[in-house]
Amino acid sequence: ACSDSPNAANKDNAANGKAAGFLSIGMPNSTQTENNNPFIGSSSASNLGYRWMIYEPLGQWNNTKPDQPLKPWLASSITWSADWKTVDLVIRDGATWSDGKPLTAEDVVFTYDLIKKNEALNIFAIPFDAITSEGNKVKITFTSSQFTTQHKVIGQIPIVPKHIWSTIADPATDTIKTPVGSGPYVLKTWAQTGIILESRESGYWQELPKVKELRYTSYSGNDTQLTALASGQSEWSFVFIPDYQQTFIAKDPANHKIWAPGVLGIHGLYINTTRKPFDDPKLRQAMNMVINRADIFTQAEAGYFHPEIKSVTGLPEGAGDAYIADEYKGKTFSVDVEGAKTLLTGAGYTLDGNVLKDKSGAPVTIKLSDPAPWSDYQTTLEIIKDNLSKIGIAAEVEKPNQNVWDTNVQKGDFGATMRWTNGGSTPFDIYQTVMDGDLKKPIGTAAQQGNFGRFDSPEATAALKAYSNATDEASRKTALATLQKIFVEQAPMLPIGSDNVGAAYSTKKWVGWPSDADSYAPGQPTQAGALMVVLALKPAA
Amino acid sequence: MTIPTSSIEQVIPGQGSMAQPEPGKPGKAKRRKFLFLSNRKAAAGLVVLGIYILLAIIGPWIAPFDPGARGPDLMQGPSADHWMGTTHLGQDVYSQLLVGTRSVIFVGFVAGIVATILSVIIGVTAGYVGGKTDEALSALSNVFLVIPALPLIIIVTSIMENAGEMVVALVIGFTSWSWNARVLRAQTLSLRRRDYVEAARATGERSWRVIIFELLPNLTAVIASGFVGTVIFAVLSEITLAFIGITSSNTWNWGTILFWAQGQQALARSAWWWFVPAGLAIAILGTALSLINFAIDEFVSPRLRSAGKTKIKTNSGRTVRMRIGFTPVLSNSPEPHTHARPIPAVDHNGVTAVVREEAAS
Amino acid sequence: MKFLLQRVAFYLFTAWAAITLNFFIPRMIPGDPVQALITKYQGQLSTQAINSLYVLFGIDKDGNIWSEYVEYWKQLFAGDLGLSFTFFPTPVSEVLSDSILWTLMLVGVTTILSFTIGTGLGVLAGWRRGSWTDGLLPVTTFFSSVPYFWLGIIAIYLLTGPDSFFPSGGGAEVGLVPAWDMYFIPSALQHSLLPAFTILISSVSGWILSMRNMMVTVSSEDYITVAHAKGLPERRVALSYAARNALLPNVSGFALSLGFIVGGTFLVEIVFSYPGIGFQLFQALGANDYPLMQGVFLIITISVLVANLLADIAYLLLDPRTRKEG
Amino acid sequence: MTSTPDAETPAGEVVLEAIGLTKHFPVRRKMRDLFSKKHDAVHAVDDVSLTLRRGQVTALVGESGSGKSTVARLLAQLYPRTSGDIRLHGRSTAVKSGSAFRRYCAQVQMIFQDPFASLNPVHTIRYHLTRSLKIHGHAGKTAEDLEKALHALLNRVSLTPPERYLDKFPHELSGGQRQRVAIARALGAEPEALLADEPVSMLDVSIRLGVLNLLRDLKERLNLAILYITHDIASARYFADQTLVMYAGRMVEGGDSETVTQSPAHPYTRLLIDSAPDPDRLTTDIDASDEDRGNGEPPSLIRPPSGCRFHPRCPMAMARCTTDLPVRLEIGDKPGHWAACWLYDEATVAAQRPGSAVTS
Amino acid sequence: MSDPVLEIKNLNVGYGLGEQGVRAVRDVNLTLHRGEVLGLAGESGSGKSTLAYGMTRLLAPPGVITGGQVIYHPAEGDPYDVLSLSDDRIRKFRWAETAIVFQGAMNSLNPVHKISTQLTDVLQAHEPKMTESERTARAREMLKLVGIGPDRMDAYPHQLSGGMRQRVMIGMALILQPQVVIMDEPTTALDVVMQRQILGQLIELRERLGFSVIFITHDLSLLVEFSNRIAIMYGGRIVEEAPASAIYKDALHPYSKGLLGSFPALRGPRRELTGIPGSPPDLKGMPTGCSFHPRCPKAFDPCAGNIPVLGRPGTGDGKTRSVACWLHPTEEPVG
Ligand SMILES: Nc1ncnc2c1ncn2[C@@H]1O[C@H](COP(=O)(O)OP(=O)(O)OP(=O)(O)O)[C@@H](O)[C@H]1O
Ligand SMILES: Nc1ncnc2c1ncn2[C@@H]1O[C@H](COP(=O)(O)OP(=O)(O)OP(=O)(O)O)[C@@H](O)[C@H]1O
Ligand SMILES: [Mg+2]
Ligand SMILES: [Mg+2]
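Chains as they are written, first to last, in my numbering: chain W, 1196 to 1736; chain A, 80 to 440; chain L, 119 to 444; chain U, 767 to 1126; chain V, -12 to 322.
The shape of chain W in the complex, shown without the other chains:
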């Protein structure tokens, strides 16, 4: 009876010494239900990232080097018009679906059409206009410039086979039990305990990967994921590891590695600019000057997770370097309590003992809030609280639950809060989330898209528009310089750390991982570029 068991094969593999043939990938995303729909953000395929092993995009984007053009993938050439409203694509020959059928331009048109027609699937809200094909060429036009979203349009839309998807009644709710994609892997088994992908035998348009089997596990949370990483049960993951040196690296110093490259998406302290006296940029600047980012980096972010932002422009090291305006090149944050005090007294504030009083003589106090479960933010707030006390601002840390916090932040009912910005291939997303006047809503109305601090600057709004619609590099540069100037001088949000797309991995069985020296792809297993990593892996000697 055992021979026909679905588990027999898996076990036999292990028993036959092929154990080394697989790679265990874990994510702390708790339980999953079987859903291999690559378009749905909450499907298990998306949550764990295996959708990118089965389905591929037209081009691959390396988050860690956002200024680089996308690497042609299913499209062998990607050409944008100068106004970024039209893209011309040449679809690669030789790519086949895992059921053997060839991948054609029609499949690409079908996929983009599918997204255009289904609002529910258009998660990037891309304004498609026309999608046409001719031979192996595809042309897509848009109603607005796609400069800031090019990586999404090309790099984050999985191409699906028309011959299968055209028969699916509702592509938004279908769970795609047997996914057929163009990628090197096919789904072998799906179980609550783990999902196994196996390498295709043939038909892949590149060299087949060395890793014959990918085993995905979803752990209930960070702690269980970490335990699995530390014990070697998980070989690749993206998770916050407190004191990673001791809890992870030290368990196997030769093989356990952490890599955390920053990307163009940041975390910082949003300040409610409508509240007095925080509507005063001078006060915000002074606050910015006393925040000890190094402490936060080491104590709250375990020295790696949200790489410390050093540039005063709020752009992360590495990924952001190319975008920093000349004016701010080399200008970095440093804790300067005295400078802050001078600034404040110059602006009419008084420091009465260790209480800061505003112009009207009222003590300056602020409430910092973030949901309790986010312990890195909480730690950050504790440190900020401590830092602010140096210039006499009494801060109180509140821990509303997540729903309440969410609602309050959107409605503008908060003092200051740690939150993230959107991320993208340019600094646009960062600045937009913080300063875009178009996203601003009156206090009490939910601002869902950004500008939670109600920062009011028509200049910034205009610069944002100019940047995204520009047709030449020079005007982009000017617009970006304006944005940076406003961001630095007005300090609508105090940048703290950046997102990373790194990984915790083990070189025990597999080598060839991306690293600082060779950051050829994002390290995070759920990113579209994860496929590049898997394809690059080689068995350890």
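These are computed hints drawn from the structure, not numbers from a lab.
For every residue, glycine included, the Cβ atom is placed at its ideal position computed from N, Cα and C.
Please note that a few of the clues may not be correct.
As the list claims (entries may be wrong) - Facing chain V, a subset of chain L residues (Cβ under 7 Å, in silico): (1) G238; (2) L242; (3) D340.
As the list claims (entries may be wrong) - Listed next, the in silico EDC-like pairs over lysine to aspartate or glutamate satisfying Cα-Cα at most 20 Å (straight line): (4) V:K244 x U:D1044; (5) U:K914 x U:E929; (6) V:K101 x L:D340; (7) W:K1505 x W:D1516; (8) W:K1704 x L:D281; (9) U:K862 x A:E277; (10) W:K1372 x L:E212; (11) U:K934 x V:D74; (12) V:K271 x U:E938.
The hints should help you fit chains A, L, U and V with the ligands onto chain W, whose structure is shown.
Using the frame of chain W, we list chains A, L, U and V with the ligands on its own:
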């Protein structure tokens, strides 16, 4: 959480126990109240609880550090400065534990009091009034019994803007009365049929007086046990809520400590001092409360009380184990205990030679 | 018979009330599932996705809560629990059926074990007072006072590791599909050992205590003395007379506790990342996933009620006094 | 103790009277009854009439379950009655609670069977007695008045010296002492009628007599009307002026105590008296097959036998007994002696032979 | 008088030991003869039940037997001391030689087992060789003996009336045909009609089967009617022992007299009842000397100082009776 399995419920079938007089202690004017304290379990439990309450009151004053203040020593093990080490921010775990006691005790007691008051009002009314009122109140408590308490508490606290201690305590109190109400109703039903309740009515007492002065005093043990049970439940719930980060409580409690410790992977970083003390504090408090509950059980049911004394010492220092069904035999000599011998003849007025004494009894 | 009918009416009412509450309470939580999803991904999901998600979840139109309520009942009667938001577009019923077996296996079996062991030890402790069993109570009480998530975490820390027999979490070895075969079952057992042990340690004391107390109470009943007087072997007196009677009140407690399996131990599932239903509930709570919350609540409600019914029936079967003739 | 207001009123005045008192306890309906109109009920008391006279003790005798306690509780207005009437000083009363109930209590007090259960274990003797005095306004105005009244009460029930008992808890007293406290509590209301429901059956043989003698003494000194409920017919002879015999919820015989016990008329009374232990009878006399005295179990009160309720057990049963409810018939040997038995209906006896319808 | 079956020698039974302990049965000597009904009377708390349970070692904790012997004379073989038997042997002894009927039959029967089970499990334990059907047949036979139809075999205790349950207990007591049946207030919970029925049946069975009975009650008039000899207990001691008629007509001990004077008589002339003044003694603080002396109307000097010993009184029928009272000096002690 498992359901509270205090055996109080099980005592109900026995009924009589509660009203039964103390056997074998008629002469002593020692009141029943103090008798409770002579129970070793009760004494131990109360002493420990007393210490906790004391700490809850003075904890914040005697704490050597501000529990939230960052210090220079990060993640240090126990030392003379920091008895229980420090956190990743250099906060003093010992101070956090001390300061956290207040919140734990506060929530436990407020929730216990709220739940107890509700359960008494609902349970006793249902049991005493009977009829439709009983049916309605019983249905109410059953609905509350069916709804899973902890998830409900989680939802309700997340509805609240800023779920502070008071809110958490009230929510726990308002959601955890039903079990006790059921127990109380059953007890009241059995008490209501007691002669002394009928007798009080027959004397002409008003209903509210019958309930308050005749019924309630006889329910004290059940109420107390329900209270203690709810306190345990409330403490565990509060800590659980804090641990999974549901409550927004800005004050310290042991759950908060565990939350931080877990979030920072204290154990994986070998910082046991951060994780272990709070857990032990909970366990010891829980044990103390359970001991009090055992003692109440024993107090209520004399059978359980005497069950404790299974070994007795003879005068000669030998210990004998008691067994049901096989009474121990200390000696089978046919000699009389009292060494009494007959005295030949006694004339009614005469004086007799006294030769016997009672052997020590 | 009449007794049963009355109970059934009572259950129906309770079920109605509980389900109604279960419908309304989650809806009082501020925020909505889309926000919760965005927040969950902390920047990994950009805010542009908001609109598409509203459309996807079908909550872009404002509904009247009463019509939703009526609709909910209609769906319930049709056996449709809606689609989960967290696992969109998986139907809630599928999410539940995936996870309930895990919970039943882990917590259910553990509860039964705990009851059996606890009762057994309780019988011993109650019958052989003054022996080693006396030491049992203080120890188990202490363990039962330890919050079990704490115990679980300590157990993971102490007992799991790269070379340990005990896995640190999960329901079975990665890649094994639930099946009744020689691969899955041993692995599932192995994975359930630590969580089961944690639950066992912290719940067994309650059973020991109540069984011991009942044994003590029953032991002084006249019929026990009569059984001794009849010269019956000790085993028979202890089991067939004392334990049999002492068991009665505990059986209903046991049945009730079966009802609390789902709602009661979800922290164990969280700590051990066990793919059970309690864990689903926790996720649903975090994600404002009303349909899933309602589904889990429905299961809890039904299981508590069924357990109650079982308790009633068990009592009816075990205690001849409640069986009415005719 | 303050003097009873109408102590001068002549003995023999009717204080409390029950006429056709009936109490049916509804039985929980079963499934199969759902469709039938019939409501089952325990016919605990059916058509009971009795009078309590000042200065007299009326005994109510009957086997367990015959409805004696129910009669007492009905008279104390602790249960609502199904039908019939209770007259206090000739006035029909039906009270449930409130001040009317308390006014009734002031005149009719009840003593319960079990002295261990009828005192609340958490209250002192002082509390019990004080409440009784206060409710009925006999506590006086000052603390001294109260103290005096309490002492008087305890003296009255021979618990002397009073201060030794006042602050004790019930469990610190012996059974006899407790029953005395219960009596004192009843007396605190200064009632005219005392309903004593088996007041000594739970007491030790050696102290029963003391309590009975106390009750008799109270009857004489306070001119109380006492209902004495017992299953021990010998004590009824000893203590009561009148004796009524109950069987399965109905009165079967009544009359002067001496007459009822010495020349019982109803076959059930005879069975009762024959069954009582008799030291004068020798062991060897015992005849296990006492068919002539009647045997078997008491009947079901839910479906009581038709006709005379005793007929299934009666050695003298006649055809009429199985169908017609017997009425009270004068026996004629002593005034006031009656029995509800067709044996004393000459016409019936003439037509049917006694014992002819014995079922066995 | 016939041979003894059971001799109790200086039995002492107490509850607990040391400071907390009380002595509930003190130096009791009593002999039960073959085929007789021995009545044991005394007010509540005088130690009757303690004596009955003590001599079979069935006393629940904290009861302890502090001394004495209970010599049993089996039908065949040598007499032996029951108190020194091993656990296994005492299990065999129980019910086969001495059966007990307790006060409350409802509480004596296990509520969850059918009465047939409870009848046959005795047979199973004592006569393992019997087959299942033989056991059932025997049980049925016993029920018939006590007047219960065999159709009641499968009834549960709660389905039987109080009288029937008590008869089941009696049937169960006789199922192994023991030499001695101890009955501790077997009928107090029943009403007089039922009481007489059951006792009548018992006496009849005794005549047929020839066992001896120890009959415990506080109802002295019942004992006088039903037993051959009566022993009166007071404060843990036997104060008087005599043939039933002798006690009834001419009780020697003032306590016995008091007891007799506490029962109103149903027949004959109405006599004044004397009763016994005072309340029963507290076992913890027993009066010195004769424990009855504080309540005794005839107490005199020696009573307070010395404990009278049970012995044959010097009066006429002194050979058949004994008493422990300073009013009746003893000639020879019993035991
Ligand atoms: N509250 C009640 N509900 C239903 N039936 C009742 C109730 N009280 C008494 N009965 C029934 O009424 C009948 C008479 O009961 P009652 O207590 O009056 O008898 P009794 O003569 O006092 O008996 P006893 O001598 O045992 O005290 C019994 O069959 C009893 O079961
Ligand atoms: N478990 C116990 N612990 C202490 N003293 C006890 C215990 N059981 C009985 N006694 C005492 O032992 C004495 C004798 O009790 P026993 O039950 O033998 O009396 P009894 O003559 O059978 O009385 P009754 O007629 O009430 O059954 C009593 O004074 C009683 O208080
Ligand atoms: Mg009664
Ligand atoms: Mg007794």
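Just pull the numbers of the violated hints for me, sorted ascending. 1, 2, 11
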